[in-house]
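Letter 306 of the sequence shown, counting from 1, is numbered 306 in the numbering used here, and no numbers are missing.
Hints listed in this document are in silico derivations from the structure and should not be mistaken for laboratory results.
We treat Cβ as the ideally placed atom computed from N, Cα and C, and that holds for glycine.
Misleading hints may appear alongside valid ones.
Each computed SDA-like pair below joins lysine to any residue, with the alpha-carbon atoms no more than 20 angstroms apart [what the hints assert, rightly or not]:
#, residue 1, residue 2
1, 364, 306
2, 204, 156
3, 204, 249
Label pairs and their in silico Cβ distance ranges [as the list claims (entries may be wrong)]:
#, residue 1, residue 2, range
4, 131, 568, 27 to 33 angstroms
5, 452, 284, 37 to 43 angstroms
6, 309, 35, 24 to 30 angstroms
7, 632, 14, 21 to 27 angstroms
8, 343, 487, 41 to 47 angstroms
9, 608, 569, 21 to 27 angstroms
10, 547, 825, 24 to 30 angstroms
11, 820, 695, 34 to 40 angstroms
12, 405, 385, 53 to 59 angstroms
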Amino acid sequence: MTAAERADEAKAYDPRDFQDKWQARWAETEPFRASDDPDDPRERFYLVDMFPYPSGDLHMGHAEAYAIGDAMARYWFLRGKNVLHPIGWDAFGLPAENAAIRNGTHPSDWTYKNIETQAASFRRYATSFDWSRRLATCDPEYYRWNQWLFLRFYERGLAYRKGGYVNWCPKDQTVLANEQVVNGRCERCGTEVVRRVLTQWYFKITEYADRLLADAAELEGNWPDRVLTMQRNWIGRSTGAEVDFAVEGRDEPVTVYTTRPDTLFGATFMVVAADSALASELCAEGQRAEFEAYLAQVRKLTDIERQSTDREKTGVFLGVHAINPVNGELIPMWAADYVLPDYGTGAIMAVPAHDQRDLDFARKFGLPVRVVVATDQADPAVSGTATPGDGTLVNSGPLDGLGKKAAIARIIEVLDDKGLGKAAVNYRLRDWLLSRQRFWGTPIPIIHCPSCGEVPVPEDQLPVELPYLRGADLAPKGVSPLAAASDWVNVECPKCGGAARRDTDTMDTFVDSSWYQFRYCSPRYDGGPFRSEDVNQWAPVDLYVGGVEHAILHLLYARFFTKVLQDLGLIDFGEPFVRLINQGQVINQGKAMSKSLGNGVNLGEQIDRFGVDAIRLTMIFASPPQDDIDWADVNPDAMVKFLGRVWRIAADVAAAGPGNRDFAAGDAGLRRVTHKMVDEVTRQVENYHLNVAVARLMELVSATRKAIDSGPGAADPAVREAAEALAVSLSLFAPYTAEECWEALGGPVGPSGIPSVARAAWPAADPALLVQETVTCVVQVNGKVRDRLEVSPDITEAELHDLAMAATGVTRALAGQEVKRVVVRPPKLVNIVAA
1 MTAAERADEA
11 KAYDPRDFQD
21 KWQARWAETE
31 PFRASDDPDD
41 PRERFYLVDM
51 FPYPSGDLHM
61 GHAEAYAIGD
71 AMARYWFLRG
81 KNVLHPIGWD
91 AFGLPAENAA
101 IRNGTHPSDW
111 TYKNIETQAA
121 SFRRYATSFD
131 WSRRLATCDP
141 EYYRWNQWLF
151 LRFYERGLAY
161 RKGGYVNWCP
171 KDQTVLANEQ
181 VVNGRCERCG
191 TEVVRRVLTQ
201 WYFKITEYAD
211 RLLADAAELE
221 GNWPDRVLTM
231 QRNWIGRSTG
241 AEVDFAVEGR
251 DEPVTVYTTR
261 PDTLFGATFM
271 VVAADSALAS
281 ELCAEGQRAE
291 FEAYLAQVRK
301 LTDIERQSTD
311 REKTGVFLGV
321 HAINPVNGEL
331 IPMWAADYVL
341 PDYGTGAIMA
351 VPAHDQRDLD
361 FARKFGLPVR
371 VVVATDQADP
381 AVSGTATPGD
391 GTLVNSGPLD
401 GLGKKAAIAR
411 IIEVLDDKGL
421 GKAAVNYRLR
431 DWLLSRQRFW
441 GTPIPIIHCP
451 SCGEVPVPED
461 QLPVELPYLR
471 GADLAPKGVS
481 PLAAASDWVN
491 VECPKCGGAA
501 RRDTDTMDTF
511 VDSSWYQFRY
521 CSPRYDGGPF
531 RSEDVNQWAP
541 VDLYVGGVEH
551 AILHLLYARF
561 FTKVLQDLGL
571 IDFGEPFVRL
581 INQGQVINQG
591 KAMSKSLGNG
601 VNLGEQIDRF
611 GVDAIRLTMI
621 FASPPQDDID
631 WADVNPDAMV
641 KFLGRVWRIA
651 ADVAAAGPGN
661 RDFAAGDAGL
671 RRVTHKMVDE
681 VTRQVENYHL
691 NVAVARLMEL
701 VSATRKAIDS
711 GPGAADPAVR
721 EAAEALAVSL
731 SLFAPYTAEE
741 CWEALGGPVG
751 PSGIPSVARA
761 AWPAADPALL
771 VQETVTCVVQ
781 VNGKVRDRLE
791 VSPDITEAEL
801 HDLAMAATGV
811 TRALAGQEVK
821 RVVVRPPKLV
831 NIVAA
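Throw the hints in and build the complete structure from the sequences for me.
Pasting the structure below:
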């Protein structure tokens, strides 16, 4: 066959032609089903992709994420491991509820319809899931165990209800956890968040703050550094002191937390969050009217506005004074908006010389500025610029002359001796606000009784199922729609039998996803959230794949849940995910895809046009997993052509007959290329450099094509060896084409006994064929190539220098010129500079 004829035939290759065939074959043989048999000798490997929300069909972001996870799962199948690779749906949440309101339907109708759509698309996308373990978090069989776990948390004091300021999304009409507020806006809908006083349910994640920080060390090297940094910063552990300030006319002191107790002698006033209960309590009667008017203005502001450094400072004097505990000075107490009520006690000591916000406030209201840390910078009272750094303590009595570290230690001793303060640790992390005023979520299993108070729902009454509310009944009203379902809300108290009411809030959907990886291990178990022995055999998850956008929300909550489950004795480990891969975004024309920008790309249309394999391969080859992919810069058509070349190689080898499988008798040069490819792809895949692995496959395709066309031919054993290695390796990224090639080649059935390339054996590289006998060294004179030398890979610098200087091309190029410098980079480069 001529090159032109072969090119024409390659163009006829269409990976879409055999997708249905292999989907049916996989459904019949179930090659990806994990074994729970304790006698199975294979090492277990547990891989989880972050499960999707069923908001519609799969999109381009899913195409990348699941191509990565699937490639890794298929690799470990081929390495002979007992792989668990499950799938489920994060199925509660606002999109389904909002769709039901728009359409007058029930959220479950929308949700389950989309789940089936996505399930079909996942099968089409050739994902290697164990479909026997699929789950959906909106199934009562699942959320029953959310409720069961909530009650275990409640028994341990880790679930509690309290009143206070919360983040409120006016559009979604529900509270948000701190982690769900991004730049002052709702993480889901982008609406500006406001503060409201409400009574809500919380999980006491702060009790685990130190463990979450300490155990992050176990994850170093296996999790991306930026994720661990983001979590550490979010937890925000700081050390300092709690200091008691007596207040005129008040029995109890006001306690403040500060990381710089060494600057206490510079505290010239105090600031209390205007919207804290403390400010209202402290306010003198003569200042009450002015304070109330100011408070009304503060409540209109967002946290972002209040903390802006550019905003002019505002405040009102509360009419009372505190006493600085280190020098006895009376200092005025002010209410202001730049202090938030949930920071510590809602009060701070203001040291204006060394804190810019305090300085701005002091200059606005004419308050004293006292320098207590000497630096080489100008006096803040004159310059208007605070000096927050380190220096030598001055104007600070017993601290004068000390540096920061020594001064902090000394002042804590002084405060402790006088009973006016102590060393303390503070956290940025706040307890997880988990209750939501919406319908489509897990009902909180608490009954409120006028006589008995909070009463847990008895376990034999779980799950507390959602009533069947539809469209208009779900419209947000500022309270949960469940409050209006009187038949559901009004119940007997399980303790006293009197009239009582169910809690009408539902749980944050991040509760669902904090432990789902354990439910996969025994998804049909009805004796608990999971069978502990199953989880302890499979988990922790060996590899977790998903987006970095979940670094704080989901991943931190999952780590917290795992530690609580360990303390409950349900599992025997403390971290849920051993290794983590974060994939980037799929963008278009440099921007996130959106209909409004007109740059959206429909995954289904791309698959219809190019086929699944080409899309998967495009996603993998475009960049390392963690980088963004700009769809405008990639070329799926090139991948179709590449896959056609692989397919043509398999067809040529198959047409040449069964041939000789004594691979050692084949072409030595091609065998070296094949085994080098196997070695490099193995290493690159295990290091998650999947795009590099694809590049190595492309090199082998070129070498094999050359061997067929102008070398030993398709019947050579080395060509068959290369074709089989290509099919197995390609199966990670392009399963349909790989299966078709494997079948054409008559590939041997692997140890699994399943006639599929997906369960064949991973090829092993022969170390003897990885040894390079010679390499080509380029010799340049003044930047131009003048000779090439075949040298040993182990040649020394001195040996290579002498060979290069004696090379014919070099002596001709020098022609008597003086050699100024010789740069030798064994074994591949010599650069000679002459004049």
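How the hints compare with the structure:
The suggested pairing of residue 364 with residue 306 holds, with an alpha-carbon distance near 16 angstroms, which does not exceed 20 angstroms. Taken as a hint, the residue 204 and residue 156 pair is honoured in the structure, with Cα atoms around 10 angstroms apart against an allowance of 20 angstroms. For a cut-off of 20 angstroms, the pair hint linking residue 204 to residue 249 is broken: about 35 angstroms separates their Cα positions. Hint check: residue 131 to residue 568, Cβ distance near 30 angstroms, so the stated range 27 to 33 angstroms holds.
Distance hint for residue 452 and residue 284: a CB-CB separation of about 41 angstroms, consistent with the stated range 37 to 43 angstroms. As the Cβ distance of residue 309 to residue 35 is approximately 59 angstroms, the hint placing it in 24 to 30 angstroms is violated. A C-beta distance of roughly 25 angstroms is found between residue 632 and residue 14, which places it inside the suggested range of 21 to 27 angstroms. Separation of residue 343 from residue 487 is about 44 angstroms and conforms to the stated range, judged on CB atoms against 41 to 47 angstroms.
About 51 angstroms separates the C-beta atoms of residue 608 and residue 569, a value inconsistent with the hinted range of 21 to 27 angstroms. The hinted range of 24 to 30 angstroms is not satisfied by residue 547 and residue 825, whose Cβ atoms lie roughly 41 angstroms apart. Between residue 820 and residue 695, the C-beta spacing of about 38 angstroms keeps the proposed range 34 to 40 angstroms intact. Between residue 405 and residue 385 the beta carbon distance is about 24 angstroms. The supplied range of 53 to 59 angstroms is therefore violated.
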